[in-house]
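Undergrad: All chains, full assembly: derive it from the sequences and hints.
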Amino acid sequence: MQRIGVFICHCGTNIAATVDVKAVAEALSHEPGVVFSTDYQYMCSESGQTLMREAIREHKLTGVVVCSCSPRMHEATFRKAAEKEGLNPYMVEIANIREQVSWIHKDMAEATEKAVILGRAAIAKVHLNKPLKAGESPVTKRALVIGGGIAGIQTALDIAEAGFEVDIVEKQPTIGGKMAQIDKTFPTLDCAACILTPKMVDVAQNEKIKIFSYSEVESVKGFVGNFKVEIRKKARYVDEDKCTGCGLCTEKCPQKKVPNEFNMGFDTRRAVYIPFAQAVPKVATIDANNCTMMKTGKCGLCAKLCTAGAIDYKQQDQIVEREYGAIVAATGFNPLKPDKFNELGYSTCQDVVTSLELERLMNAAGPTAGTLLRPSDKTHPHTIVFVQCVGSRCDVENERGKSYCSKICCMYTAKHAMLIREKYPDTDVYVFYIDVRTPGKNFDEFYRRAVEQYGVHYIKGQVGKVVEENGTLKVQASDLLSGEQLHIDADLVVLATAVEPDKSARSIATMLTASMDTNDFFTEAHAKLRPVESPTAGIFLSGVCQGPKDIPETVSQASAAAAKVIGLLAKDKLTCNPCVANSNEMLCNGCSSCEKVCPYGAITYSDKEFRGPNRTTLIRRVATVNEAVCQGCGACTVACPSGAMDLKGFSNRQIMAEVDAICKM
Amino acid sequence: MSHNKNAAAVEQILRSSGVDVRKCMRCGKCTATCPAFDEMEYHPHQFVYMVEKGQIDKLTASPSIWRCLSCFACMERCPRQVEPAKLIEAVRLSVIREKGANHLKPEDIPAMLDEDLPQQAIASAFRKYSK
Amino acid sequence: MQDVKEFRPTIVAFCCNWCSYAGADLAGSSRLVYPADVKIIRVPCSCRVNPLFILRAFQRGADGVIMAGCHPGDCHYTSGNYFARRRMTLLFSMLDYLGIERERTRVEWISAAEGAKFAKTMNEFVATVTALGENKRLEDLRCKK
Amino acid sequence: MQEMMKNRAYALLENGTVDRVLGWTRGEFAYDMTPAVFRNADEVKNGFVYNDFCAANLSKYLVKECRAGGKILVFLKPCDTYSFNQLLAEHRIKRDMIYVVGIECFGKADVEKIKEMGIEGITGITAKDGIYTVSTIYGDKAIKPADVMAERCLACKSKKHVVYDELIGNEGEVVEDCNRFDMVAKLEAMTPDERYEFWRGELSRCIRCNACRNICPACTCEQCIFDNPNSGVSQKAAVNSFEENMFHIIRAFHVAGRCTDCGECSRVCPQNIPLHLLNRKFIKDVNTFYGDYQAGEDPTAKPPLGKYEKNDIEPGEAGGAKE
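Chains as they are written, first to last, in the working numbering: chain A, 7 to 671; chain B, 44 to 174; chain C, 880 to 1024; chain D, 32 to 354.
Keep in mind that the hints are not guaranteed to be accurate.
Listed next, the in silico DMTMM-like pairs over lysine to aspartate or glutamate satisfying Cα-Cα at most 25 Å (straight line) [unchecked claim]:
#1 B/129 with A/213
#2 A/509 with A/556
#3 A/66 with A/32
#4 A/670 with C/1013
#5 A/384 with A/327
#6 A/248 with A/213
#7 D/341 with A/508
#8 A/614 with D/258
#9 C/1015 with D/63
#10 A/216 with A/508
Reference excerpt, derived from the structure (chain B facing chain A, CB under 8 Å, subset only) [as the list claims (entries may be wrong)]:
#11 58
#12 61
#13 65
#14 68
#15 70
#16 72
#17 74
#18 75
#19 76
#20 88
#21 124
#22 166
#23 170
#24 171
Footprint (simulated), chain C over chain D, 3 or more residues, beta carbon under 8 Å [unchecked claim]:
#25 101 to 112
#26 144 to 158
#27 189 to 201
#28 302 to 315
Keep in mind that the hints were calculated from the coordinates and are not lab data. We treat Cβ as the ideally placed atom computed from N, Cα and C, and that holds for glycine.
TA: Encoded structure:
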């Protein structure tokens, strides 16, 4: 019989206000095996833990039940405390009477009754708990970063700095991501390229970093410390090792009419191209969909011109298998395409552009060499209207947009307005806003400068309609503070479109078995305390893939993720989850049912000798679980008809004991 | 809103319209969209705000409720699904019902017809002026 | 037996640790109310739920059993919920075949971000089971006090 | 037929291909043919019997025999070969220790049906020219085999062997329109209340004798969970209505996707509970939800519960039966 101690946490008033904690302690003290039962204000506090440790010592407890918050919160805390007192940590169970009781029930009698039942279930389970010992597994000392934007770059650089190998997988031909397309950065207005491209070069030159550009993650197997990843290197029809990046092919290719995605389609590029001058790796890529040679077999000009002999029309996609100890998701974002907002005229008027498009229109390396010209007639716009929150902050039921605030738009719009007024003082700039959100160092000062120093017209209200009439954009908008409806003749309208996670993130999350929220942002392990980790061990989050962020925040999170990765890779061995499957060889039929449902290939079979009746021996095929590989999902336990396969910590009998305790009325 | 002296009227309007005024984030897109802006004393966003504040008397007394075209542009464009047009209609109906009579009868229509009048306007007129 | 007291069902909810249990935590921290009749048992994955546990619950007097796991494709263990889905599909179909009310069993995929869905699902399920009344077809009377 | 089989047994024992023979012998009653192992030609000569009452599926006995070593000859009817394959797939038997002789089958007789005809005190049954002559203490009676054919044989799914080393008699065909799911469909069409009454009527007769489990070629666990005191669900006796329901549901679930529908469970049930209707429900559901699957047909096929599709039907959508 176990000697069980029960501890009821008040959690201040979080629990005690709704649950009669004294009554719960009293009720549970009569349960079989319970030798000590008490309540305390904060069990997770130092003194609460001391209370528990003293009780373990004094009452020679063999098992502990803490009725408190979710085990996802403090199970580890209490298990550690028990371990310090020499009790096996897996002899501690939590009854969740906060999230599952006090926070959701109002009636004290009802809540108290439920708390007692949950306590009983935990006690029933502890009776069947066995001390568990965690195994160990080795750590592959290399990290994978998925995405080569500023987030991925920073994470990779920091990890490499600590002396570990890092691979970056980037689906585009070059790293750099969205930041490479941006003109200037707020609130300091330094040029994005000037601060980004040196980092890109650092990545290229770092011996610890290997870039898989124009590549995608194909599959992910394994678990923390031991991931096996297949990377698809898409055929770029150019030998990366031979190409010198001289750019001759990209100048001579006769196919000139391909819309240039780097410049948001405002100009064209060739079928063989290098996205931009500072691309890393600086290697040409043939766009097979547009290449005449690839389509018709006639041309081959680039191959003739290339002195390095790098062009290879027969190149195939290549699958590379690599092993990693940790994986960082840095899949980034895209601006929402505002084509569902018909009233704003994006699809019908050329001079209605998104903010990212404006970045290219203002960039010295952009299609207009930095002169702001209207896309339609290449004239200087004199009246410019900015519309905030396009597709952000929509109702969750609204299919046109996202429910969240995209966070960066207020600041980049202030930047745009300021830059335009600085460069073209004769321009009238209007910004229609719902709220101006500028929390951040020097952010509000920046916004105020746009208003006070640069005379940008900030109007509280929204644009309701944009129509084009004879080359002028008729903007109808509200000015809520004056109660007017405004009619502005604008030359250019800029939509601050919402950011949304890159489309590839969903499938990557599935491969990583990392969870995502309803907006397809990766979920963090804890919103406050573990913001750069996924709940899935060994998966880390960097940048906008976790939620909207500006560059400084992205970079800090990228470094934070790197620190977490370094912490992991610095270990030689990882302590495994001891709650793994194990096979009772006496009961095992060797039928292979379990093996078929194991996602990790953790189950193997061997013929073993057993004692048969009448002093005979017989050889039976039985299953063995590799405890370092098993992750403890339990799929095998249900596939097993004989009950030979069971899960430590969540055994059939433990779960049934909980069922019985709950149903016993 | 129970502290409001117009609580019953507010409750009635919210219930008959099915609108949740608290969803409004005061962006003003409804008003920016409104084609009858110049005709209206109170504008769509103000309807939402004033109902929330319980200023029903001002709204029922205002010609605005008869000027709204019921074109639903505000509903269509609202990013928060607040649906001001439904609210305006609810206020209007509360007035019509109180007076106990339709403001527009089918027999009145032929005299008012004019060649350019879109049929939708007739449907809209019934919506506005009849119970 | 039951007196005139209002019938309150006993409901066992098996929740996977990674999604649905976290969803329940989120429902809790968001203070989304659902009836106290629901008692949650934490399992590592929906694929840990043995049909035996479900029958056991009914045998011991549960009036409804719900299993909640990660959305298909989002399983922490890659494929657990796919197997669980097949198992439960067959088991529930069998229970139905034996004439046991189908509404007493339910499977729902609830992610860690869906606290609201968790509460909504539990409210619905409790209402459904309450409407069905006491489970008479599946319980073992010996276990009833 | 019996003589041909005996001759093959002699020959294979003689040339050392096998060292024993798994077949049938006469049991306590004239119609009671029971599985038996024959170790030499003499035992075969004296004991081996084969007739229309040799219904038992011999596959399961091979699990034990394979542990004894040597090589064994087994006679398998078409439906038995499915069980054989399934056992192979689950590594319960070793192919190289077994010599399979497939035997042609026209369906087996069900002695219960003979008894139902009012024939009592049976002392012997002989078959000649397509007629059974039943000797009783009251005299001989002649009956037509078709009138007393076992239910499971009337709905035979296949007369084709899926595995054998040699064949005696002719090879048959898979029966495409065997109608074996008719009764399942009929039950599905009932209301839940009707179904509940039906099953309560059937399962309440269960005496938990475990005959169904013991005969089942899919139930070859080293120790059944219902016998294992450590499993937490072992039961000594059925005390009330749900005990046996739970046993039968779990048993059906454990063999789901593995049951070849050989029908042995219903054959041996002393209470005549149509247990095969539980297994057939799972087979029908698997076919409907996940595509046709016949356990034992292909020993390399993945079982339906050991695989999945990303767009599998949801438990809530699986209509199965009428509400």
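Undergrad: Below or equal to 25 Å on CA atoms is what counts here, so check residue 614 of chain A against residue 258 of chain D.
TA: Distance of about 23 Å is within 25 Å: holds.
Undergrad: Take the shortest C-beta to C-beta distance between residue 75 of chain B and chain A; is it under 8 Å?
TA: holds, 3 Å
Undergrad: Residue 341 of chain D and residue 508 of chain A: Cα distance at most 25 Å?
TA: holds, 23 Å
Undergrad: Does residue 166 of chain B pass the interface check with chain A, least Cβ-Cβ distance below 8 Å?
TA: The hint is violated - residue 166 of chain B has no Cβ within 8 Å of chain A, the shortest such distance being about 23 Å.
Undergrad: Hey, does the residue 74 of chain B contact hint survive, CB to chain A under 8 Å?
TA: At 4 Å from the nearest chain A Cβ, residue 74 of chain B passes the 8 Å test, so the hint holds.
Undergrad: With the threshold set at 25 Å, check whether the alpha-carbon distance from residue 129 of chain B to residue 213 of chain A stays at or below it.
TA: violated, 65 Å
Undergrad: Has the given pair, residue 248 of chain A with residue 213 of chain A, been kept, meaning a C-alpha gap of at most 25 Å?
TA: This hinted pair holds, its Cα atoms lying about 19 Å apart.
Undergrad: Does the closest beta carbon of chain A sit nearer than 8 Å to the beta carbon of residue 72 of chain B?
TA: Check passed: Cβ of residue 72 of chain B comes within 4 Å of chain A, closer than 8 Å.
Undergrad: May I ask you to test the interface hint for residue 61 of chain B with respect to chain A, counting a Cβ-Cβ separation under 8 Å as satisfied?
TA: violated, 13 Å
Undergrad: Please work out if residue 66 of chain A and residue 32 of chain A have their alpha carbons no farther apart than 25 Å.
TA: Within the cut-off at roughly 20 Å; holds.
Undergrad: Between the region 144 to 158 of chain D and chain C, are there enough contacts, at least three residues with CB-CB distance under 8 Å, for the coverage claim to hold?
TA: Answer violated; 0 residues pass the 8 Å Cβ test.
Undergrad: At least three residues with a C-beta closer than 8 Å to a C-beta of chain C: is that true for the region 302 to 315 of chain D?
TA: Since three or more residues must qualify, the claim that chain C covers the region 302 to 315 of chain D holds, with 3 doing so at under 8 Å.
When the structure is compared with the earlier hints, violations turn up for hints 1, 5, 9, 11, 12, 13, 22, 23, 24, 25, 26 and 27 and for no others.
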